[in-house]
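J.: Using the hints, build the complex out of the two chains.
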Amino acid sequence: MTRGPLFHEQTARQRIAALVDPGSFDELLPPPERITSPYLAQLGIPVSFDDGVVIGHAKIGGRKVYLAAQVGQFVGGAVGEIHGAKLTGLFKAAARDRTPCIVIVESGGVRLHEGSAGEIAIAETMRAIFECRAKKVPTIAVICSDIGAYGGMGILSTCCDFRVMTEHGRLGISGPIVIEKWMGKKAYDSSNRALVWKTSGGKTKYLLGDADSLVLDDAGAIREAISKLLGKSSAVSLKAVKARQAELAKRLKRFGQTEDADAVWKGMGVRDIEAASLASGPEFAAMAKREK
Amino acid sequence: MKKLSSRALLSQLFGTSAKGIAVEKSLVTGYASVGATRVCVIGTCNGTYVDNAAALHLAAQVIDCIEHHPKMPIVMLVDSAGQEPNRVAEMLGLASYFGHLLNCLELARRNGHKLITVATGQAVGGAFICYGMFGDRIYALDSARVGLMPVEAMSAVTKIPVPVLRKLSKTMPSLEFGAHPFALLGGVEAVWTLDDGVAAKLEKAIATASTEDNRAELGKKRGGRKLALDIRKKVLTESAR
Chain Z
0 MTRGPLFHEQ TARQRIAALV DPGSFDELLP PPERITSPYL AQLGIPVSFD DGVVIGHAKI
60 GGRKVYLAAQ VGQFVGGAVG EIHGAKLTGL FKAAARDRTP CIVIVESGGV RLHEGSAGEI
120 AIAETMRAIF ECRAKKVPTI AVICSDIGAY GGMGILSTCC DFRVMTEHGR LGISGPIVIE
180 KWMGKKAYDS SNRALVWKTS GGKTKYLLGD ADSLVLDDAG AIREAISKLL GKSSAVSLKA
240 VKARQAELAK RLKRFGQTED ADAVWKGMGV RDIEAASLAS GPEFAAMAKR EK
Chain A
0 MKKLSSRALL SQLFGTSAKG IAVEKSLVTG YASVGATRVC VIGTCNGTYV DNAAALHLAA
60 QVIDCIEHHP KMPIVMLVDS AGQEPNRVAE MLGLASYFGH LLNCLELARR NGHKLITVAT
120 GQAVGGAFIC YGMFGDRIYA LDSARVGLMP VEAMSAVTKI PVPVLRKLSK TMPSLEFGAH
180 PFALLGGVEA VWTLDDGVAA KLEKAIATAS TEDNRAELGK KRGGRKLALD IRKKVLTESA
240 R
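Listed in order, the protein sequences are those of chains Z and A. If you use numbering that gives the first Met the number 0, the first sequence corresponds to residues 0 to 291, in order. If you use numbering that gives the first Met the number 0, the second sequence corresponds to residues 0 to 240, in order.
For reference, chain A alone in the conformation it holds in the complex (with noise of 0.2 angstroms):
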């Protein structure tokens, strides 16, 4: 699949309002329109790694938007392969910076900003948990190589070999890395092809959104995700007893 400039990328997304949109290392925040509607945009690019610079810069962003521009839905886009594995990042703390973009993000949501997520490179991991995966609904392009980590990696630190995992993930998507079995789970809403109308997909979705976290539903709905919701709601009946 051919691979798009980040530039070239917000360009399908927001158009010639792309241009308010800041890339700097990697990190692509600004403000934008999705038709007819002005949205904040926050994100990776290039599968870079976040570390704690990038959840504050990310954060910064999404706490001016809610001071300057009350209700305005946020998009999130994830292009990125992980958090920055570093000693010194864990030593300040890199978990508390993501927590606190987490905060962020939560208090936009009780704000009334919507909360968006396009997945539209690498979405692995940290970095999908940190901020994308906070989404009120959440969509991958069908490039984007959404998941826990690819079957190699999986067979490298589990010892089971790759054929093994191959084999089973047939069964079980969960097992399989890209943005349709993450879809089965539940994981995203819809799946996009990034030339077939992104931009008024995304609008609607801005449109749709509701805070209600649907995925558990969706897993099960869909096959991929089979006992999450049926624990859960075991758990909330018993409990209530």
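Next up, chain Z with everything else stripped away, as it sits in the complex (with noise of 0.2 angstroms):
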């Protein structure tokens, strides 16, 4: 079986390129335009003419979508001002003319270097998410890199109405650097792959039902993915958070006093830990009885 380039190898652009309908993207606010950080100049840090963050418009099966690919490789994916008001206005732009918006995340959270900016930033994003939400325009993270989305863009993404994944992608709030400095090595071993992914990796959070499609680490896959999701919406309605709020206090009372890795795996109906390590994305999940 021949396929693409992996997907989670790929730069932002040839992401944006292998997803959309050849040659329909149009970038807002392109490289030449030169939007750089006023910040990252002022510390000697080099600039990028995108601030981190492609984005634009284009066409998935025909239909119009806006779009924006976090630049993993610049600071991290880190959100700025400028990287951050690029994201308010793409979703405030999909609010306004109720046309879906995907993420490709690629991020650690917020950019240290530019301080306060870029959280209020998040922030912002966050409230123009709900303004599409609140009119069912569908907003997708999609979260396929082994960056992933950690920090406020891990909880940005958990706003949007769903979440593609990979097994390569993670998602969380706290790195395993940092938990690995406040709990000690014992607790938390960084460096100890599987574990990492056991904890933020995309199979976890399939399983739990934070990530709503497991796909293989590939365009075509993601674009299949995102297309089943283009014409959904999820609800926020007193149902479906009393529904959510069950779900999250029945997953903590079974997991939450657990130090396995495999707990979660277990518990949700894994039996083979070793065999659906190995598995793809999509093996994994037909392996696993994932509770609805």
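It should be emphasised that the hints constitute simulated quantities derived from the structure, not laboratory data. Hints should not be assumed to be uniformly reliable.
Stated by the list, open to error - Simulated pairs of lysine-lysine, DSS-like, Cα-Cα distance not exceeding 30 angstroms: (1) Z/Lys134 <-> A/Lys232; (2) Z/Lys238 <-> A/Lys70; (3) A/Lys169 <-> A/Lys219; (4) Z/Lys184 <-> A/Lys158; (5) Z/Lys184 <-> Z/Lys134.
Said to hold, decoys possible - Okay, the calculated bits of chain A under chain Z, using three or more residues with CB under 8 angstroms as the criterion: (6) 8-21; (7) 100-112; (8) 125-132; (9) 141-152; (10) 177-187; (11) 208-222.
Where a beta carbon is used, it is the ideal one built from N, C-alpha and C, also for glycine.
T.: Given below as structure tokens:
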């Protein structure tokens, strides 16, 4: 079977190009406009002409979508004032035009070099996401890179209607190195990749229901997953939040006391941990009896 | 600055009606009055960390308010050092617990509940993002420690020397830590002094709040965050072509 390049190894612009209808992407505030961070310039740190996020609109299966792709190679995809304002503007445009909005997340969260400005930008983008959701405009976070979605971007991702993940993707708030520093290496060895991915990786998030699809590390597979979600939205209703409250309480009760890294997998019906670890995303999804 | 107990602070804000508010494991939930206005209160105190259980506890209070007290304003108090950095918390999806709390608050907003935040102590990082910064209008006490992180912590992570960051923060309030610089960015509407009639100010804040997010406008007007609004507008204009 021949496949294209691995999605997690592609750059932000390659990812967008691979996901959308050929030639349909129009970038907004593209690099030639040279909108760069004054904070980084003051600190003597190299700037980037897109400030680490590519935004624009395109078509997927003939349908217009807004898209953002964060650039992990540039300060870890972290959100500064400009980066964040581009995201806020994009979601607001999506709400205005009632056009689905997809964010390909690759970010450790707020860009520390810009202090609180990035933090506020993330909070503003969350409000813009909920503007979309109020109009039933689908919002989708694609979390398919090793850097994943951490810090404020992890929280932001959970505000979207849906999350598409691969086994490479990671979703969380505090990263493994921070937790290791806090709790000690015995509690969390950040160099133990299997443990890190069992804690925050796509497979675990899919099992728990925090990721809506778990797909191959391939643009075609991710595009297919997105296509299926473009016509849907996730309700913000009393019934929905009450159901979610009960589900999250049950999860905490079942797994909250365990130190066992495999507890969630076993508890959610994965019988053969070894085989499940080696399985591809879709194979894993088929093996696991995910509770609905 | 003197450190108030959580009870003393609640009394300042809610007078004798503060007795209706429970403080348990540094989480604040209940119903009280601000002047003549009945309000629902959720929050943190003692600089506690917010974990999965805490997020659920606060969410439950928001849901109760939506169900039983239509359109009652919700006051959110923030004194938290951040999210709980814990492996099990992460494994269980702490981000999703925070997302759930935000969903509950969004439902409240849509149902006509005003959301007013007061940062009373520490309002740092993920713990501020997971509910306080989602308010319609956000206020801070002048003694509150508001922002991404103190300069020393920023220096430790970025490896940029503290004196360099301090010098830059003179012209870039975003790098400074505290209620006043955060207000310059538009992150808070106004900074309050505790002894200066906070209850009356809170009552007025509830009466005048609107759901329109005005932080980028404020940040530009106050000069602390000059780019955000224009960049956002540029995206909106160019995408409309």
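J.: Hint by hint, note whether the structure agrees.
T.: A quick look at each hint next to the structure:
Pair hint Z/Lys134 plus A/Lys232 holds up; C-alpha atoms about 20 angstroms apart against a cutoff of 30 angstroms. A hinted pair counts as satisfied when its Cα atoms are at most 30 angstroms apart, and Z/Lys238 with A/Lys70 qualifies at roughly 18 angstroms. Between A/Lys169 and A/Lys219 the alpha-carbon distance is near 17 angstroms, which keeps this suggested pair within the 30 angstroms criterion. Restraint check for Z/Lys184 and A/Lys158: the C-alpha separation of about 23 angstroms stays at or below 30 angstroms, so the hint holds.
Simply put, Z/Lys184 and Z/Lys134 have alpha-carbon atoms about 46 angstroms apart, too far for the 30 angstroms limit, and the pair is violated. Counting residues of the region 8-21 of chain A whose C-beta sits closer than 8 angstroms to any C-beta of chain Z gives 0, which falls short of three, so the coverage hint is violated. Coverage of a stretch by a chain is defined here by at least three residues with a beta carbon nearer than 8 angstroms to that chain's beta carbons; for the region 100-112 of chain A and chain Z the count is 6, and the condition holds. Coverage of a stretch by a chain is defined here by at least three residues with a beta carbon nearer than 8 angstroms to that chain's beta carbons; for the region 125-132 of chain A and chain Z the count is 5, and the condition holds.
Here's how the region 141-152 of chain A fares: 4 of its residues keep a CB closer than 8 angstroms to some CB of chain Z, so the rule of at least three is met and the hint holds. Look at the region 177-187 of chain A against chain Z: 5 of its residues bring a Cβ nearer than 8 angstroms to a Cβ of that chain, three or more, so the hint holds. Closer than 8 angstroms: that is the beta-carbon criterion, and the region 208-222 of chain A has 4 residues meeting it against chain Z, so the requirement of 3 holds.
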